[in-house]
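Student: Here is how the chains run, residue by residue.
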Amino acid sequence: MPPRAPDPDDDGLAERLRQIVGDRRVLVRPGELRAYESDGLPGYQLRPSIAVFPGTRDETIAVVRLLAERGVPFVPRGAGTGLSGGALAEGVVLLGLHRLTRIITIDAENQRAVVEPGVVNATLTRLASAHGLHYAPDPSSQTACTIGGNVAENAGGPHCLKYGVTLDHIVALTVLLPNGAIVTLGNDDGEQEGYDLLGAFIGSEGCFGIALDVTVRLVRDPQAVRTLLADFPSVMAAASAVSAIIATGIVPAALEMMDNATIQAVEASIYAAGYPTDAAAILLIELDGAAAGIDDDVARVARLCDDAGARGVRTAADAAERARLWQGRKKAFGAMGRISPHLVVQDAVVPRTRLPAVLAEIQAIGERHHVNVCNVFHAGDGNLHPNIGYDSSDPVQAQRVHDAMSEIMAACIAAGGTITGEHGVGLDKLPYMDALFTAPTLHAMCALRDVFDPDHRANPGKVVPVHSCREWHSVRPPVAGRRP
Amino acid sequence: MAQRATAGRGPASVNPETTAQVVACVRDARAAGTPLRIVGAGGWLDAGAPCTAGEHLRLWGINGIVEYEPGDLTLTAQGGTRLIDIERATAEHGQWLTLDPVGYPYGTLGATVATGSYGPLASAFGTPRNQVLGCEVVTGIGDVVRAGGRVVKNVAGFDVTRLMVGAWGTLGVITEVTVRLRARPEVDQTVVVALGGTDGVERAHRWLRTTEFTPLAAELVSPALAERLGFATLNADLLLLRLGGNEALVRAARHAAAALGDLMVPDDGIWTALTSLGMTHSHKASLRLSGAPAGIAALWAATRRAIEPAGGLAHSTLARGVVRCLLPMDDDASVARLRGILSALPKATRIPERLPAELWAPAAADPVLASLRQGVRRAFDPDLLLNPGIMGTA
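Chains as they are written, first to last, in numbering that gives the first Met the number 0: chain E, 0 to 483; chain Z, 0 to 393.
Read the hints as simulated data drawn from the structure, not as lab findings.
Where is the CB? At the ideal position from N, CA and C, for every residue including glycine.
Treat the hints with care, since some could be wrong.
Computed spacing ranges between beta-carbons, pair by pair [to be verified]:
id, chain 1, residue 1, chain 2, residue 2, range
1, Z, D84, E, N186, 30 to 38 Å
2, E, Q362, Z, L262, 53 to 61 Å
3, Z, G41, E, P232, 51 to 59 Å
4, E, E68, Z, A19, 41 to 49 Å
5, E, P29, Z, V65, 51 to 59 Å
6, Z, A30, E, D393, 30 to 38 Å
Straight-line Cα separation of at most 20 Å, EDC-like style, residue types lysine to aspartate or glutamate; simulated pairs [unchecked claim]:
id, chain 1, residue 1, chain 2, residue 2
7, E, K161, Z, D187
8, Z, K283, Z, D45
9, Z, K346, E, D187
10, Z, K283, Z, D330
Kindly produce the complete structure, drawing on both the sequences and the hints.
Tutor: Encoded structure:
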């Protein structure tokens, strides 16, 4: 039997929740819930039945145990900045964790911090900076998104090219399972014995439980940083510079591409960074590390850009200019948002040698469907973000965007890529999972979810298509002693 | 059909050459109720992990590079492919797989991933966990699961790939792996410093924590182990530093490292000599101790005190807070003696590598963790067909 959707008026659930978290932290009226009907994925308005916002670890545990007792499904939510619809909750309880903002420790000696899941990514880095440390994964939403959400999505960001994604920066988690039990995954010693359940939990999109606290690895601030802006007459020229740089063995801290449409949007906004508005594409390249030898690498990268046909390469003169160049990149989505009511920020990855061909194909798909695709992405990883601005209230436009995005996903899969590099599957990418994975692979994912959440109450209906889990259950007898 | 060999002494074995044949082997074994021992190059067979399987499923026929596009810096190879063959293929393009696992030098990619093995390069590049992008496995029910992908960033679906790393084949027979490659640094140079004085290790650790340089490897070696690497007369802990980057960077790094003491330049083979050490002489028992990085000097000292009276050797990947112990195991009395040594070791997370079966027992896990582990095992291998006993899940 599927888990029951709660009715706030029916069984006194809202009242019980209020007893745990206080009256103001439980929302049930449609007007109050409106703010929680959407996350960063446009075009959806799905209303939770109840939204509850615990303020402490103990309250969170009590809430989850109450929901477990009653068999009520729930959707964990951090800052709601996710771009795949992972925090959308239709008719179930929305469990907001953004009030859990305690920094439990910053241990400079071991280069670690222990934080609650609601701590904002950029806040952690700001606090760590007093020790010459920072938290390396830096999604564009880092001034708003939470560490708990980053763990759920295995979030990336521009600097993951050199420093690795969230998975590479989490030492341990205290996890509250959907049934209310608490378990530590990973450990403070660093190495874990037994199966890598920590690795399995990271990126599980809220389907395996809630991280009550997160032990992260902090990275030392580099001694030297150089940020280059290279200006190209064509996207293809920029893409070939990317390949050339990657092939040298120099690993830039970040290697980002923005196309003309993106540059125009940024330069017309308050985030104007001084990008050349007539460039077909720019690369934002950051090198960091020891000061010794860094300028040799800078010179080499600049030469490779020249060889690929760059019209010019300049290096940020100081920290202020560097910050401005990066602000333009990080706020590019915001800048695009000014132009149209809604913006789909797409996310896919292709092998790096396929970048030029796939970018050309994306452009052709856009033209065919009469939508404007702007590209701003992590070129060094082959992690594309083709974005389309539109008005989701216009069904014709919405259909065109949908069709174009489906074709873009198909093109990325055909090129040997994947449907998401850092945003997650959520609701948005569910339709593509069958194209990417075989049935037995999806079954294995269902089986893994069953281990953490046999009743599928945590973020139900996300990540793995429901039909593949049904198939799975129809061919596998339930494990003895477990609820079907 | 996979070739089956049952004649002669030793366990029966099957030698599949394709994934489809592995599927058939697993299904046959399942139907017959015969547990399987999964074997790559055979280097881990004497690791001592308590495995009760009778029949050997040998993967040496599942061997070869499937896809290698140098510009992508990724490589897909079959599970039985030897690391040395990957090294050769990638070196032609100035690239490398930055895994130098301890153990036999002819080890396979599948076994490296299955055992989560790593070596000194983990200091800069992490372990297989950080370098495997995807894999194909045959589960205990004979399903072919293709997890992850061939691109360097991927969050599509639940991370089945991560589960396979370090699972010792108990969740699936690894038939194919995709790994991340790196371009070789322009300069790759190793220097050795003898750490004199009572605070030598602490100084080396502090230097690593504060220097602006990130060595490719920074490995601490005990005096007794140093002797076996050809540094007989120094009677001090050694720090092996592998420096990589452009010329100016490596020159500056060498200059900075000289603050720790006189720099010596070792033979080219020193890293291989270190990683293969336990295999070629009497110190065949090994385990790792993992502690918080800041406590590494204390962990190192306590470990040396515990193992050296019995002739043990130690080295440490300082940046990871890990000390690896190599312990003598050469006669019938070894088990009792090893038991004594283990009981004297300092408190830290213990990861067994090669120990007699009776000493392999994992630490008791908390009940919730134990039930998750069992659940994962049952999800992928409900009949406990694959390497039963290893991972303490029999």
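Student: Does the structure break any of the earlier hints, and which numbers would those be?
Tutor: 6
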